[in-house]
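If you want the building blocks of each chain, they are given just below.
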Amino acid sequence: MSVMRLGHINVRVLDIEEAVDHYVNVNGMIQTHVDPLGNVYLKCWDEWDKYSVVLSPSDQAGMNHIAYKVKSDADLDMYKTRITEAGIDVEEVPAGTLEFVGRALKFKVPSEHEMYLYAEKEYVGTSVGTTNPDPWPDDLKGVGAHWVDHALLMCPFDPETGVNTVAEVTSFMVDVLDFYLVEQVMVGPDGDIQLATWLSCSNTPHDIAFVGGPVSGLHHLAYFLDSWNDVLKAADIMSKKRVKIDVTPQRHGITRGYTIYYFDPSGNRNETFAGLGYLAQPDRPVTTWTEDQLGAGIFYHTRELVESFTTVYT
Amino acid sequence: MHTIFVKSEEEEYQCREDQHLLVAMKAVGKSCIPSGCHGGGCGVCKVRILAGDVERKVMSRKHVSEEEQQQGISLACRVFPRSTVTLEIYESTTHQ
Ligand code: FES
Ligand SMILES: [Fe+2]
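Chains as they are written, first to last, in the numbering used here: chain A, 1 to 314; chain B, 1 to 96.
Honestly, the hints are just simulated from the structure, not real lab data.
Since the model is a prediction, treat every value here as computed from it, not as a measurement.
Straight line, CA to CA, 35 angstroms or less: simulated DSBU-like cross-link-like pairs of lysine-lysine:
#	chain 1	residue 1	chain 2	residue 2
1	B	K62	A	K240
2	B	K62	A	K50
3	B	K62	A	K241
4	A	K80	A	K106
5	B	K62	A	K80
6	A	K108	B	K57
7	A	K240	B	K26
8	A	K80	A	K50
9	B	K7	A	K241
10	B	K57	B	K30
11	A	K141	A	K241
12	A	K240	B	K7
13	B	K62	A	K141
14	A	K141	A	K240
15	B	K57	B	K26
16	B	K57	B	K7
17	A	K233	B	K26
18	A	K106	B	K62
19	B	K62	A	K108
20	B	K30	A	K141
21	A	K50	A	K71
22	B	K7	B	K62
23	B	K30	B	K62
24	B	K57	A	K141
25	A	K106	A	K71
26	A	K50	B	K57
27	A	K141	A	K71
28	A	K233	A	K141
29	A	K108	A	K71
With the sequences and hints as input, model every part of the structure.
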């Protein structure tokens, strides 16, 4: 496995000032750069690379691209060959095309999302440093998220016409990019249609997730918090700041995570996510959720799927 | 405070000038307009304003075109009333 983690996500926003205020003062990110086009780059205090979120001014919400960091430059050559062999066009963009990032591979995964792989991004260090560090820095803002943890992408899915890009993108991530399947939701009369998948490239239950829906889009990007207490406090902060909460603190059956779903000012869903859940391993048996228990899989306490889960996204 | 008439659902509620139409609706436990992201991004709250003065914040072009906007079509979460408002639910172009 040489994809290490989610490197960054580029999100479109309707009002850049409102967006920056949210990502800084609610999520607790630190602004590290603004490029000449007005894109704003941010990192969390516990991240060491230059940025993990890029906010792009736009007339619509949603995701421009998602980027994963691989271990070494040579991995890019290996993946370029493998992606090409999988029949997917891949473009190699020179260093600096993505600001502060080395050469990168750009391609579209089968669910139509644009993805980049890169090996290098400018190092700036965490807010506590590497020598005798304190466990957390002073002056944290908002929920003070540690890092961007994962994203959930919505993928075109219509079993009646035989369209299932969840299954296609899952195979791609596993066969080509060396992710492994951790949990899945199987639906249909025979329970053989993959509606949703959670995949890891590390030891956490997911580094990316895919759910079927009418059109391709961004369901949410998630931030890591330490504990259930932090999740509760995060919800207090969101109410204080009049942030639109979609789902109040709750446990996911899938991944066992403690969660809040909420929205940025342009309607992009964010999540604060706590709890390791379990140690994910490539040989850990895959967990399967059946269609009749999907509610409990997503929202373990209510055991009810809220309609907005699959209809509201950007 | 202004009265919001949701004609297609035969419902009404009160909304302050500094509240958007969905925040005031949800605050009194109503759900006559579909509610989602409250940020003008997801498109589920699409309505047609039939009468009344409103102020509108920027909304996603993916869900409301310029022409539609001129015809009074809006995302309710981006609309702030300046008088009594009458509206109807507009058939959603989003993911349903
Ligand atoms: S609720 Fe999402 S656009 Fe209004
Ligand atoms: Fe999540």
